[in-house]
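Undergrad: Chain by chain, the residues run as shown.
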Amino acid sequence: MAPNKIVLRFPASISDKPIIFHLVKDYDLMINILKAHINPHKEGTMVLEVEGSRAEDGLGFLRDQGVVVQPLTEEIVWNEDQCTHCGACTAICPTRALYIERPAMLVHFDSEACVICQLCVRACPMRAIEVRF
Amino acid sequence: MADKTFAEINAKIRAGKAVVLTAEELVQLVAEKGVGPAAKEVDVVTTGTFGPMCSSGAYFNFGHSAPRIKFHRVWLNGIPAATGFAAVDAFVGATALPEDDPLNTNHPGEFRYGGGHVIEDFVAGRPVRMKAAGYGTDCYPRRELETTVKLDDLNEAVLFNPRNAYQNYACAVNTGPRTLYTYMGVLKPGLGNAHYSTSGQLSPLLKDPYFRTIGIGTRIFLGGGTGYVVWNGTQHFPGIPALPEGAPPVPAGGTLAVLGDLKQMSPKWLRGTSMLGYGATLTVGIGIPVPILNEEICYYASRPDSDLYAPIIDYAEAYPNRKPGTLGQVSYAALKSGVINLNDKQVLTAPVSSYHKAREISATLKQWLLEGKFLLGEPVQLLPGPDAGIKPKSLEIRGSGRRNG
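Read top to bottom, the protein sequences are chains B and D.
To convert, note that position 32 of the first sequence is 1292 in the numbering used here; the numbers rise steadily by one, no gaps.
To convert, note that position 257 of the second sequence is 737 in the numbering used here; the numbers rise steadily by one, no gaps.
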């Protein structure tokens, strides 16, 4: 099964409970946590990549625990016509999705490698990168 | 070989016979043929840089309204412009911000619009909302106005940048424990990345590092139009820095004050810029032709990235507190490779100025020279070089009880 990026929203009542490890232990899934955040109201948000034959069962388990499961529909859009190819986004990109092609010294964006961390959106001096939902 | 003169080279440019190379092409030619033959063959070398340059701005004359006003305060798209000149003159600085900008109250601030963006909007021909306040005089009775203006409506619009084209610049790193938001971009903690902002072997003042050809009156590519070097830039401290053994003695620390008609320029080469947590600024495109008058000039103009070094500066501690010292030097060849070795750590590098655009500027200026539509401006006076021994002065903080005089 192809990697599947999803967004999980944890209500405050369960955000301190160990839940994700069940996906690995009980459902034999390979998971990759791309982003995790708990807000001041103790509600949690997590962006997760899930891979494995029992992925649907695992997501069913999450729903039973009260976790809201949604597909990740955000995407990062790099507006090349606004980009000056300065490169200021490249060393801060954690997955090298934004990178410089050498020796042309041109900035490129590999959307497959992007984990939507959004660091680049505000770091771009030309504001050439945006998030779309 | 006898030195060539500006007049001889200009005659060749007019006749369409000048040999013009970009600095990248000269690097290659000298590597193949040597400095002597290259100096004989080549007349002009073109350089380029395209990076954020905070000490930039533009002054305008807006023409007179009826009844007349004498500007006491002026805002352009909400950005305060400097008044204090004659009635309808004003200057907007690249880093000026709206008076109601949240700044860094919610750190890091975004600084989405500032003086640099006003300049870009004017150059792009977009309408700019203008507000002005006067205090009313017998000759200038109006007290306020609000209108929309475009670049073509103005009498004069002049880009006047007090400090541009830094000869060399720091490679910025962060040894501290938290992310830093600087004019050199976002610096991750614990040497998480290294940012630099010079086009290296294409950078104008690294190609005539002793100011043998650049001075007051040098004609340049500025913001897509024609501009001039009008003075040395502020903080012009040309000197020979500590360099690794074997490196050619290339000075650093020189700067330029440049000026040109904004109406000739293009938003492609003047871009409003937002540095997260730092502020707004203007990214400026500059290209300078270096006439190859003799072998010495050819030698320095042909130094490759592997011979040019940037000092590594810690923005966690040393820079903000004005502490001297560097973490060493690193060549532009290493910086451009994308990774450097620092304190036994592989550190990813990224530029803040666009090498791609710098290359395009050097190629455009070359084309202008080949077409004979751009002649060299012979300086009426060269700028001071390292021999002038200019020493930086710093601002001392004195007690409030002390009075002058």
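Honestly, the hints are just simulated from the structure, not real lab data.
Source: prediction; values computed, not measured.
One or more of the hints may lead you astray.
Unchecked claim - Some chain B residues judged to face chain D by a derived CB distance under 7 Å, without partners named:
#	residue
1	L1319
2	F1321
3	R1323
4	V1329
5	Q1330
6	T1333
7	T1344
8	A1348
9	P1354
10	L1366
11	A1383
12	R1392
The beta carbon of each residue, even a glycine, is placed where N, CA and C say it ideally should be.
Undergrad: Indicate, hint by hint, whether the structure satisfies it.
TA: Checked hints:
{"no.": "1", "hint": "L1319", "verdict": "violated (34 Å)"}
{"no.": "2", "hint": "F1321", "verdict": "violated (36 Å)"}
{"no.": "3", "hint": "R1323", "verdict": "violated (35 Å)"}
{"no.": "4", "hint": "V1329", "verdict": "violated (31 Å)"}
{"no.": "5", "hint": "Q1330", "verdict": "violated (27 Å)"}
{"no.": "6", "hint": "T1333", "verdict": "violated (24 Å)"}
{"no.": "7", "hint": "T1344", "verdict": "holds (5 Å)"}
{"no.": "8", "hint": "A1348", "verdict": "holds (4 Å)"}
{"no.": "9", "hint": "P1354", "verdict": "violated (10 Å)"}
{"no.": "10", "hint": "L1366", "verdict": "holds (6 Å)"}
{"no.": "11", "hint": "A1383", "verdict": "holds (5 Å)"}
{"no.": "12", "hint": "R1392", "verdict": "violated (18 Å)"}
Consistency with the previously given hints fails for numbers 1, 2, 3, 4, 5, 6, 9, 12, ordered from lowest to highest.
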